[in-house]
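Chemist: Chain A is already provided as a structure; the job is to place chain B on it using the hints.
Take a look at the letters that make up each chain.
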Amino acid sequence: MIKHYDSLKIFYPLAGRLMPWFGWAFALLGIFGLYWGLFLAPIDAVQGEAYRIMFVHVPSAWMSLMIYAVMTICAITILLRRSKIAEYWLLSSSSIGASFTFLTLVTGSLWGRPMWGTWWVWDARLTSELILLFVYLGIIALGNAIPEKRKAAQAVSMLTVVGSINLPIIKFSVDWWTTLHQPASIFRAGGSAIHPMMLTALLLMAASFTCYYFWLILWRVRIQIRENKQ
Amino acid sequence: MLERLYKRRIAYILFTLLSLTVAGFLVIKAFRENLLFYFVPSDIKAGKAPINHTFRLGGLVEKGSVTKEGLTVYFTITDTHEKISVTYTGILPDLFREGHGVIVRGQMKDSNLFTAEEVLAKHNEKYAPPDMP
Chain A
138 MIKHYDSLKI FYPLAGRLMP WFGWAFALLG IFGLYWGLFL APIDAVQGEA YRIMFVHVPS
198 AWMSLMIYAV MTICAITILL RRSKIAEYWL LSSSSIGASF TFLTLVTGSL WGRPMWGTWW
258 VWDARLTSEL ILLFVYLGII ALGNAIPEKR KAAQAVSMLT VVGSINLPII KFSVDWWTTL
318 HQPASIFRAG GSAIHPMMLT ALLLMAASFT CYYFWLILWR VRIQIRENKQ
Chain B
9 MLERLYKRRI AYILFTLLSL TVAGFLVIKA FRENLLFYFV PSDIKAGKAP INHTFRLGGL
69 VEKGSVTKEG LTVYFTITDT HEKISVTYTG ILPDLFREGH GVIVRGQMKD SNLFTAEEVL
129 AKHNEKYAPP DMP
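Chains as they are written, first to last, in the numbering used here: chain A, 138 to 367; chain B, 9 to 141.
Next comes chain A alone, as it looks inside the complex (with noise of 0.2 Å):
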């Protein structure tokens, strides 16, 4: 069954019928998501309309994360059995996921800035999720160091694998350490603490985002596909 889909032949039309589907859902989400995010949804008590940074920030960060555990999917496969797909998906992930960490990383600080009174401090969320980044430079630096797919693929797969351990830290640290950041908002005891005008705003932002990676890397896998027939 999963060897009847892994086959590149079924494989590079069906990502070429859904790519502009996940493309113009990126779109049209991404910009109903920024409306809701900047006109719809209500300023914050404490914070203004500082928080709004928010709606890039938190999809982000999501994404950084979310990419990371495709990844590893894709690297255990790869560790399991041969797969082309898993192999150029796993190799075109990484930079997707370094942009969406810096990404994070930068509208963090912005918010901050302002809000905490300090560009950056080592705690234990942000100090990990600058770690994160770096996996994600290593990752793609060891993918272009090697310059045979297959090898590249399956030397990538044990960094992905390895790197793994720091998701759940990154996701926890709130809860294990005293932070700075503040705990998780949504998925936390008590049910969300976020306004629902500003958790759409957020969830529409987060689809968005994640139609975006789809898009980018059917897309990406597919050049792979073209690129190694020849």
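No lab work stands behind these hints: they were computed from the structure. Given the structure is predicted, the values throughout are model-derived calculations rather than measurements. There could be a bad hint or two in this list.
Computed spacing ranges between beta-carbons, pair by pair [said to hold, decoys possible]:
#, chain 1, residue 1, chain 2, residue 2, range
1, B, L26, A, K288, 24 to 32 Å
2, A, L175, B, D118, 47 to 55 Å
3, B, Y14, A, Y172, 48 to 56 Å
4, B, G55, A, Y172, 27 to 35 Å
We treat Cβ as the ideally placed atom computed from N, Cα and C, and that holds for glycine.
Modeler: Here is chain B on its own, set in the frame of chain A:
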């Protein structure tokens, strides 16, 4: 044959993940104290904070405790069990409010007063418009 290879690989991967988890757990356990970003007033009263060194103190700014003399501000940080008096000279961040979280870096210059060099406001996880409770 292939089945066997498969099972062995799965075992290897599970073993790797398990060792990583154990290693990670041990590292986290070892660094637990050092990774703490701040101490709370109860820690200080219990003698856990490094009294003669610079450290961070966190908690809530007690309601009605803030007094200002020019640029110097006096306030009390509480964790609802214990309280510590703090003084700071400088500009406070936007989120500094009575009843809200704050983290200050400085020293206990004498046994009752914490002299802060830096004040960071801590945001809580709540996001709501002004008319919400």
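Chemist: The structure should be examined with respect to each hint, and the outcome stated for every one.
Modeler: To see whether the hints hold, each was checked on the structure:
no., hint, verdict
1, L26/B x K288/A: 24 to 32 Å, "holds (26 Å)"
2, L175/A x D118/B: 47 to 55 Å, "holds (49 Å)"
3, Y14/B x Y172/A: 48 to 56 Å, "holds (50 Å)"
4, G55/B x Y172/A: 27 to 35 Å, "violated (54 Å)"
Hint violations for this structure: number 4 only, all remaining hints satisfied.
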